[in-house]
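Trainee: Chains as they are written, first to last, in my numbering: chain P, 1 to 258; chain H, 1001 to 1329; chain F, 2001 to 2299.
Heads up, some of the hints might be wrong.
Said to hold, decoys possible - The following residues of chain F were derived to be distant from chain H, with all beta-carbon distances above 12 Å:
hint	residue
1	Ser2030
2	Ala2065
3	Glu2097
4	Ala2170
5	Arg2180
6	Thr2204
7	Thr2207
8	Lys2238
9	Thr2268
10	Ala2276
Unchecked claim - No more than 25 Å apart at the CA atoms, straight line, and that leaves these computed lysine to any residue pairs for SDA-like:
hint	chain 1	residue 1	chain 2	residue 2
11	H	Lys1097	P	Leu76
12	H	Lys1097	P	Thr237
13	F	Lys2023	H	Leu1095
14	H	Lys1097	F	Gly2077
15	H	Lys1067	F	Glu2074
16	F	Lys2057	H	Leu1145
17	F	Lys2150	H	Asn1249
18	P	Lys85	H	Ile1230
19	P	Lys85	F	Leu2025
20	P	Lys123	P	Arg95
21	H	Lys1060	F	Gly2077
22	F	Lys2023	H	Asn1249
23	F	Lys2023	H	Gly1106
24	F	Lys2057	H	Phe1143
25	F	Lys2057	H	Ala1051
26	F	Lys2238	H	Phe1143
27	P	Lys123	H	Met1193
To be verified - Each pair of labels, with its calculated beta carbon distance range:
hint	chain 1	residue 1	chain 2	residue 2	range
28	H	Ala1045	F	Asp2196	38 to 48 Å
29	H	Ile1085	F	Asp2196	54 to 64 Å
30	H	Ile1085	F	Pro2188	31 to 41 Å
31	H	Tyr1189	P	Phe22	19 to 29 Å
32	F	Ser2030	H	Ala1101	11 to 21 Å
33	H	Leu1044	F	Asn2256	48 to 58 Å
34	H	Lys1097	P	Arg75	43 to 53 Å
35	F	Glu2097	H	Ile1131	46 to 56 Å
36	H	Val1078	F	Lys2092	54 to 64 Å
37	H	Arg1273	P	Ser47	37 to 47 Å
38	H	Val1119	F	Lys2092	39 to 49 Å
39	F	Leu2239	H	Phe1081	50 to 60 Å
Note that these hints are calculated values from the structure, not bench results.
Owing to the predicted nature of the structure, the values given are computational and were not obtained by experimental measurement.
Yeah, the Cβ is synthetic: ideal placement off N, Cα and C, and Gly gets one too.
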Amino acid sequence: MNPQRAEDGNLVVRIEDLHKSFGHLEILKGINMDVREGEVVVIFGRSGSGKSTLLRCINFLEDPTSGAIEVGGIRLSGGHRNRAKREQIRQLRMRTGMVFQQFNLFPQMTALQNVIEGPVTVKRIPEQAAQTVGLEILARVGLADKAQEHPIRLSGGQQQRVAIARALAMEPEVMLFDEPTSALDPELIGEVLATMKSLATELHITMIVVTHEMGFAREVAHRMAFFHEGVILEEGTPDELFNHTRFPETRRFLDAVL
Amino acid sequence: MKSDPVGAETARPRGFWARLEQLNLRIPYNAKLGAVWVAIFAFLAVLFSQAHFDTAWMRKNAWFITKGLWVTVFIAAVSIFFAIILALLGALGRLSKNPIAYGVSGFYASFFRGTPLIVQMFLIYLGLPVIGQAFREPFRGWFLLSAIVSGIAALSLNYGAYMTEIFRAGILSVPHGQSEAAEALGMTYRQRMSRVILPQAFRVIIPPTGNEFIAMMKDTALVSLLGTQISWADPFRRATLLGRADFRNLEALVVAAAWYWILTGFFTFFQRRLETRMSTGYVRQAAITKRPAAGRFIPASAGGGAGGGASMVEVPPGETGPRSEERPG
Amino acid sequence: MAERASIRRRTKGETGMKLSRWKALMVVLSAFVLVGVACGGGSSKKALLDQVKESGKLRVATDPAYPPQSSYDEATGTWEGFDIDVATEVAKRLGVEVDWQTPTWDLITAGNWNDRWDISVGSMTPIKERQQVLDFSPPYYFVPAVVVIKNDSSFTSLDQLAGKSIGSCAPCTYSFYIDRTLDIPGFPATFVLPEDMQFTGYDTDSTALQNLELGRLDAVLTSLTTATAAIAAGSSFKLLGDPVFYEPDSMAIDKNASDPESLAAAVTQIVNEMHADGTLSTLSKKWFDGLDLSVSAAG
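With these hints in hand, go ahead and build the complete structure from the sequences.
Mentor: Here is the structure:
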C-alpha cells in the first residue's frame, strides 16, 4: 500500500547543501533535502556511509561543517557555537525527537519517568499533567502496564518503544529514527516497526528514518532516499526505487539487501 | 608422584598425605580462614607479652584515649563532605572545554596531589594568616584558622584533589548515548548533568568514595601535629599526651592503634555491604582495583560501560551481581 | 520570520540573564577583595596588656607533654606541672584567668603568633635567635642540663662519650649546646661535651629518652627535671656526671603583637616579685623533688 505523496504539506525540515567532514575525510558532500509535514522519509544505504551522521546533523548532535538546517522555522548553519547559538540549537532540538539505535533510556528512572522527563524538565510542564499525557503515550505504544518498570526489566523491543514514547512526549515537529531496530533481536523488531507504522498512519507524524528494514520502507515510506558516497544518489517513492531505479548502484544495493 | 601413569593414582592409596588431603577438602573455607586469624592474633599476643607492656597503665588510660574517636569521625565526616564538593567541581573542570575551568582544576589537582598532606596543613595554618595581613581587621580574622579548621581545610582540599579522578572516571563511565539522549530532548548542560549523568555516575563513584572516607579517618591523626586543643584531641593526640606525661609512649600508641583499627574495621564492614548493594540489579562490569602504591583508589570502570542500553547486564534485583575481589569476612 | 525573531528574543533573554548573573557575581567579589585589600595594613589594636585585662583571660601557650613542667592529667581533666602553676600565679597577679593553648613548640619559638595566644610559659631559653622575634622576661628558674645513660652502661666520665651516639630534642637548647651554637645573652655557656659525638635529634626529650631505653643511643642530653621524672616513672636510667650547664628559662611574648612591652613590663615585674617573695622557690621545691631551681646553681 503506497501512501500518497504529501507534497503539498508545510515544510518541516530543510537540509541545505549540508557538508560534514571529520578531519580530512568528507562524509557528507552536499546534501539537499526537504521534508514536508506528515511525510515519512526513509534513508538507506551501506553501513558506515554516513547516514547516521546526516540524521545527527539535523538536530546538531553533529556539527555540520557547512550548510544549513532548518527545522520548524529555526534555521541554523554549521560552524562554531557561541552561547547564543547553543540556545538556538536547544530550541531546535525541542522540535525534533530522536530515537537511538541503543535506546539510551535513563536507567535510574521508570518508563513513565523517562517519558515525562523531557516535558517536565525542559518544557517545565507540571508533573501531574505530564504524567497523564505520558500514560496516554505509553498506552499508544502498547506499554501502559509497564509504566512503573525500570528499563532493565524490559525487553529490547519494549525499551525502544518507551524511547519512542519519550521522544513523542515532546510533541516534536519531526521524529528522527537512527537505525531503531538494528540492535534488536529479530523477534523483537516487528513490534517496534509496528509502532512506527502506527505513528505514521494514525498520527501522521513527520518521520525521517535511517534503517535497513526495506519491508517497512515499502509499506510506510512516502519517500526513500538512497545515500551513497556522501550524497543522496537517488530519491523517490518506494515504487520508483524498487521498480524503476535510475542508477545501477541503487539497483545493486537493493538486490543485495532484499 | 609425577612418574605415576595415569590411572594408577586412584588405584594406589597414598596413605597419610591422601587422608590429610581428604580431610582438608571437607573443612569449610570459613573455618580455615578463622583459624588463620586466630593464629595471627595468638602470635601477636605472644609478641605483646614479650614486650612487657605496662598493661595496667593501658587498661587505666584506654578509655581516655578512645574518647578521642569522635574527633576523628567528626573531622573526617566534615572533610569528606567538602572534598566531595571539590571533587565534583574538579571533575567537571577537568572535563570542560572552558580554558579557565580546565586550567584552574588542573592546577588544583596537581598541587594538592603533589604535596604532602602534612605540609598542606602547615601551609594553611601558618601561611593563610600571612595573606590575611593584607586585609583590614574584620576580614583579617577570617584567615586565622584554628588547628582543627586548618586540618579540615587541608584534608578537604587534599582528598578533593584525589577524588577528582574518581569523579571524573565515574562521569566518563556513563555511556555517551545517555548524554546524547538528554541533549536530543533539549536539556541544558546543567539539566543533563543533574538529571541524567550524575545520578548514574554516583553509582560508580560512591564505593571508592567510601574507601576514601575510611582512609581519611586515619589521616585525621595528622591534625594533632598542628597542636590541637585538648577539647579537640583525637586518639593520637591523647596517646602522645598521656604517653609522654607518664613515659609510656609505646603503650599509649598501641592502644591508639588498636582503636583506629577497630574504627576502620567497623566502617569497612559497612563499606563492603554498600559496594555489594550498589552492584545488585544494575551491574556494570566495574572491576574496582585495589589500592595502587600511592595509596589512592581509582576505579577501573572508565570505558567499561560503553554502549548504553544494549550492553547492560540484566540482573533482576535481589540477586547479587558478580562480586568484586572481596573475600568474606 | 516572526517566529525566528521571537526565538531570538527568548534566547537573548535567557542567556542574557545567565551572563549578567555571572558578571554581577564577579563584580561583587572583586569589590569585596579590593575594599578588603585597600584598607589593609596597619591595625589600630589595643595594647596587649589592655587586651588581656579586658578579656579577663591570659592565653598561655604551654608544651603539653613535658613533665614535670607541663603534662595532662586525665584524672582532673586539665594540665599540671611547674610551668602550669607558675603561669596560673602570673595570671592571678594580673587579675585574670588562664586560657590554655597547646600549639606545637616550633610554632611558639618562631614568634609571629598572629595573636593566637598572649604569652608562653614553657621553660623557654632566651637564646639570641629567639630574641629577635620574642621579648623575654627575666629567668624564672634555671634548669640543670644533664647527660643521661642507661643503668647498665659502663661510662664513668663525659670524655668517654667521644665518638658515641647522643640524642636530645631538636631544635632546642640541648641540641644547640651539643653542636656548640648555644648563645644566651647574659649567660655564657662552657661546652664540656666531646665534639665528635654522633647526634640525633627528636621531636621531644621524651622521644629521645625512649630511644635511649631501646638502645639506639648511648646517651641523652636533657634537663635534670625530665631525667628525674623518667627515672621515677620506671626507666632504667642514671645520670652521668654533674650538670653540664644551667639553662635560664623565661617567659616569652611575641614582638609582633600590638605593644608587647605593655605586657612584658607587667610580667617582668611579677616575675621579680615572685622571686623576692619566695613563690618560685616554693613551687620549684614542690615539683622538682625539693630542689630550689629558681636560683642558678652556676657561678
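Trainee: With reference to the structure, classify each hint as holding or not holding.
Mentor: Consistency of the hints with the structure:
no.: 1; hint: Ser2030; result: holds, 14 Å
no.: 2; hint: Ala2065; result: violated, 3 Å
no.: 3; hint: Glu2097; result: holds, 16 Å
no.: 4; hint: Ala2170; result: holds, 16 Å
no.: 5; hint: Arg2180; result: holds, 28 Å
no.: 6; hint: Thr2204; result: violated, 7 Å
no.: 7; hint: Thr2207; result: violated, 7 Å
no.: 8; hint: Lys2238; result: holds, 15 Å
no.: 9; hint: Thr2268; result: holds, 27 Å
no.: 10; hint: Ala2276; result: holds, 32 Å
no.: 11; hint: H:Lys1097 - P:Leu76; result: holds, 22 Å
no.: 12; hint: H:Lys1097 - P:Thr237; result: violated, 45 Å
no.: 13; hint: F:Lys2023 - H:Leu1095; result: holds, 23 Å
no.: 14; hint: H:Lys1097 - F:Gly2077; result: violated, 56 Å
no.: 15; hint: H:Lys1067 - F:Glu2074; result: holds, 12 Å
no.: 16; hint: F:Lys2057 - H:Leu1145; result: holds, 20 Å
no.: 17; hint: F:Lys2150 - H:Asn1249; result: holds, 18 Å
no.: 18; hint: P:Lys85 - H:Ile1230; result: violated, 59 Å
no.: 19; hint: P:Lys85 - F:Leu2025; result: holds, 24 Å
no.: 20; hint: P:Lys123 - P:Arg95; result: holds, 11 Å
no.: 21; hint: H:Lys1060 - F:Gly2077; result: holds, 14 Å
no.: 22; hint: F:Lys2023 - H:Asn1249; result: violated, 57 Å
no.: 23; hint: F:Lys2023 - H:Gly1106; result: holds, 24 Å
no.: 24; hint: F:Lys2057 - H:Phe1143; result: holds, 23 Å
no.: 25; hint: F:Lys2057 - H:Ala1051; result: violated, 45 Å
no.: 26; hint: F:Lys2238 - H:Phe1143; result: violated, 48 Å
no.: 27; hint: P:Lys123 - H:Met1193; result: holds, 17 Å
no.: 28; hint: H:Ala1045 - F:Asp2196: 38 to 48 Å; result: holds, 45 Å
no.: 29; hint: H:Ile1085 - F:Asp2196: 54 to 64 Å; result: holds, 57 Å
no.: 30; hint: H:Ile1085 - F:Pro2188: 31 to 41 Å; result: violated, 58 Å
no.: 31; hint: H:Tyr1189 - P:Phe22: 19 to 29 Å; result: holds, 24 Å
no.: 32; hint: F:Ser2030 - H:Ala1101: 11 to 21 Å; result: holds, 19 Å
no.: 33; hint: H:Leu1044 - F:Asn2256: 48 to 58 Å; result: holds, 51 Å
no.: 34; hint: H:Lys1097 - P:Arg75: 43 to 53 Å; result: violated, 25 Å
no.: 35; hint: F:Glu2097 - H:Ile1131: 46 to 56 Å; result: violated, 32 Å
no.: 36; hint: H:Val1078 - F:Lys2092: 54 to 64 Å; result: violated, 38 Å
no.: 37; hint: H:Arg1273 - P:Ser47: 37 to 47 Å; result: holds, 46 Å
no.: 38; hint: H:Val1119 - F:Lys2092: 39 to 49 Å; result: holds, 41 Å
no.: 39; hint: F:Leu2239 - H:Phe1081: 50 to 60 Å; result: holds, 53 Å
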